[in-house]
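Asker: The lines below spell out each chain.
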Amino acid sequence: MSKAITKSGGSRSLDRLLPLLLLPVALIALGPVLRLLLEGIGFGSGLTTDHLTDVLARPSTATALRHSLITAGGGTLLSVLIGSGFAFLVALSDIRGKAALVFCLMIPMMIPPQITALAWMQMAGPSSTILKMLGLAPPLGSPQPLHSAGGIILLLGIQHASLVFLTLRAGLRMIPAELVEAARMSGAGPGRVWAQTVLPLSMPSLIAGGAMAFVTALGNFGIPAMLGIPAGYATLPTLIYQRLVGMGPSVLSEVAVLSLLIGAVAICGVLLSRLVLKRQGFGLVGLSGAPLALSLGRARLPVEIAMWVFIFAILALPLLALLATSLIPAYGVPLTVHTATFNAWIEVLFVQPVTRRAYANSLFLAITAAAVLLAICLPLAWLMERRANRVSKLLDALIDLPYALPGVVLSIACILTFINLPFTDLTLYGTIWIILMAYLARFFVVMLRPIQASIAQLDPAMEEAAASVGARLGRRLRDIVLPLAAPSAAAGAILVFLTAVNELTVSALLWSSGTETLGVVIYNLEDSGETVMASALAMSIVCLIIALMGLVQAGARRFPKGVIPWQS
Amino acid sequence: MAELTFSDLSKTFGGAPALDAINAQIASGEFVALLGPSGCGKTTLLRLTAGFEHPSAGKIRIGGETVAGGGRFVSPEDREIGIVFQSYALWPHKSVFDNVAYPLEVRRIPRAARQARVAEALSLTGLGAFANRMPSQLSGGQRQRVALARCLVFEPRAVLLDEPLANLDLSLRASMQDVFRLFHRRTGATMLYVTHDQSEALALADRVAVMNAGKIRQFAAPEILYREPADCFVAGFVGDGAVVSARITGRADHAGLVLNVLGQDVVSRSAAPEPSHVSIRPESITLADDAPLRARVTSCTYLGGRFRLELDAASETLVAFSRQRAAIGETVGVRLHDLWAFRDPEGEVVLQKALADA
Ligand SMILES: Nc1ncnc2c1ncn2[C@@H]1O[C@H](COP(=O)(O)OP(=O)(O)OP(=O)(O)O)[C@@H](O)[C@H]1O
Ligand SMILES: [Mg+2]
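Residue numbers (UniProt numbering), protein chains in the order written: chain L, 1 to 568; chain F, 1 to 358.
By construction, these hints were calculated from the structure, which means they are not laboratory data. As the structure is a prediction and not an experimental result, all values here were calculated from the model.
Examples of chain F residues lying across from chain L (beta carbon under 10 Å, computed): (1) Glu-80; (2) Glu-105; (3) Leu-160.
Have a look at the derived ranges for each label pair, beta carbon to beta carbon: (4) L/Leu-199 <-> F/Ser-136: 35 to 43 Å; (5) F/Ser-136 <-> L/Ser-295: 36 to 44 Å; (6) F/Ser-136 <-> L/Gly-529: 54 to 62 Å; (7) L/Leu-275 <-> F/Ser-136: 42 to 50 Å.
Chain F residues, not near chain L, derived (Cβ > 10 Å throughout): (8) Ser-28; (9) Leu-127; (10) Ala-129; (11) Asn-167; (12) Phe-183; (13) Phe-219; (14) Ile-248; (15) Phe-307; (16) Glu-310; (17) Arg-323.
Using N, Cα and C, we set each Cβ at its ideal position, and we do this for glycine too.
Could you build the full structure based on these sequences and the hints that come with them?
Answerer: See below:
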């Protein structure tokens, strides 16, 4: 190949500069994870595995590991039941109002887990405002039934059902309609078709969805923190939290081992599912396309009613309970027309400096993360699609890691990396910037994938046409790629924003006084008995989230397929 | 307008050659068609010219300036070459006007001049009324014309077109051919037009480069390609007729060589001293009852005004035109005249491959 020599600078020099982008991205996204791995083998204190064996041998570690496995396993089972039930009915049957059902099923996924937990706690136990209104509250002094392994499993199951649902529905759409039609031609009724044709074919996506739910449940901090810590039931993430909050950074190398343990379990889960999937693989031949709509006949209306009742029970009821609690003057006071007040709302939104600061912090973090990622991911996605080389492909494969790993793992990794900035005496620990760095690392894929999808769909001839009429790379990116990828980029930015506003796990470990996020403040308010204020704050966040989801939904038609997570 | 020169231009993709030592010169203002079967390297040659690919060896010169090869590479945006893509590649977020104005915008042409030039380009392509439409609101032929207007508006040194009519239906193709011809006459642009439709190439171009397997087999005016093909591939690929092997009898005549074709002695035109094959066009065959060469009719198709006959003569398939219908199986006499003979010892193989490709 002849050596390329420029005639004039502009485009070529940008062409050469752009690949340098890969370096900071790799550093931010993968640096912390690498640092954590190094910690595991005793980096910094001479290569030793002493504290590794030391921490792993402790009984508390074994207990927390067992609890994590029980709750994540149980939660996954429940998620699979709920998610697959909905997926089969939505994807295969002729029920009505599918879009609304799906939107509602997705809301629990987008609501921060600690808010979910808080809302459910308002629905049970002796102080439940809503039970009191109905006269159903158990006597004072009786325990909160959700403060238990069962409660954690229930909420984890509901929170992550949508993961199973989305994966399975995507898989069901790949099943060629002819296969089902062939089965029906040979005389099988809907039930039979489902059991003998659809179920075996959808096994791979069911397993994949289950694996995702497991990994996410394993890393979930909000639910076991709200429900498990009061009951003394520690999982690995809450154990890490308690150690770190109790002892400070001196236990870093110890919690590093714990977080590596979570990472290892998560990876084992994923590998196991891959192994099963490999044995299960079928090549599906035929056209997918025509959506299946097996008739439920006379059962349709009862099924529809059952589904909506279920949605009401897992979504509306807890939120109503949360709302009820947010409207009372003090915890324990029953809600009536006379006692109802917006005091807590006003307090939280306008008066309390902590909650106002938390709103400011969370919004700042979410907006900054979204904006920075938007600015980086547009050229990055272009680079990965149009100028793929070995380095960019490697980065492409690894950049999922910070998002796929449980949040606790990434937080510990970030603390390790940024507690002492290399070559300086500076530290980011205790500042808002460490949270921002962690968000950037964690949400890279959330922004990158939608933009990548839309650039991949873009005919390269569009850019070549621009080049041939004289537009240099910078202009082409600005005039052609950016406007065409803009809808997906916007969706990506809103998703990053939503996820970042929701975020508790990472910030719970990284916050310090003055840098609280919303997730942290809800947890702290509830922890210190300010349940009413916590509920008001939580309710305001739920409203914000549903409004944002609605905004994305409204623009749904302008985004390429697969950009909106709840619309695969 | 500028001339294009390719010297020893080669391109390999991961070791597989797509272009193999291309040598050609296209004069300024000339309309050249690249014709060849699928996969022969036409698009590759076009993309190399536009600057989207780097040559593996050889040089490309545009108007005397080396744009690729010999250690130089001029990027596409600096080559001043217009290209019309098969998929049109109109920018869907820009209106017709903005699509056409973009090349001028990039060149920082002042607004007033820009508007005048865009209006001129649009009226030349008959799009005056569509300036404010979005590309999605246009028909295929209109989109094609926007693409053409977009590339003529900045007066490029050459215009490259990659199968511009492949996505259009037959009747639209004919009218778009007129648009291209008119466009070429008005602008006098150097044009390189890729197609695998020989009637399109023969109808439009001043000269046609016939390509196969990464090589230019012959580069000549359409009537020369037809009457004097250089080898078996060109003879078989361009135009109707048959290619049969011939043996020189040693006698030369004032009109040409005397060759033994299908057992008959026939006078042939030729450029080669020792030809191996002759191209027998349908016009070279007269059906005569008293002719010594006998052939059996194997098919008879009405073309309007005349019949096209396929004849089996000494187990070669010939094509002839006839005013009368012939019965299949009937035996007719065939007289050959005005044949073109050429030397292509490996001919048979190539011809068969070309037929398999077609
Ligand atoms: N980017 C590429 N990578 C690898 N091989 C390529 C690439 N582009 C073209 N080729 C190969 O080079 C050869 C020539 O391709 P080219 O696209 O130039 O053919 P073509 O004559 O335009 O065919 P068609 O009429 O089908 O468009 C083909 O064998 C093709 O497979
Ligand atoms: Mg081509």
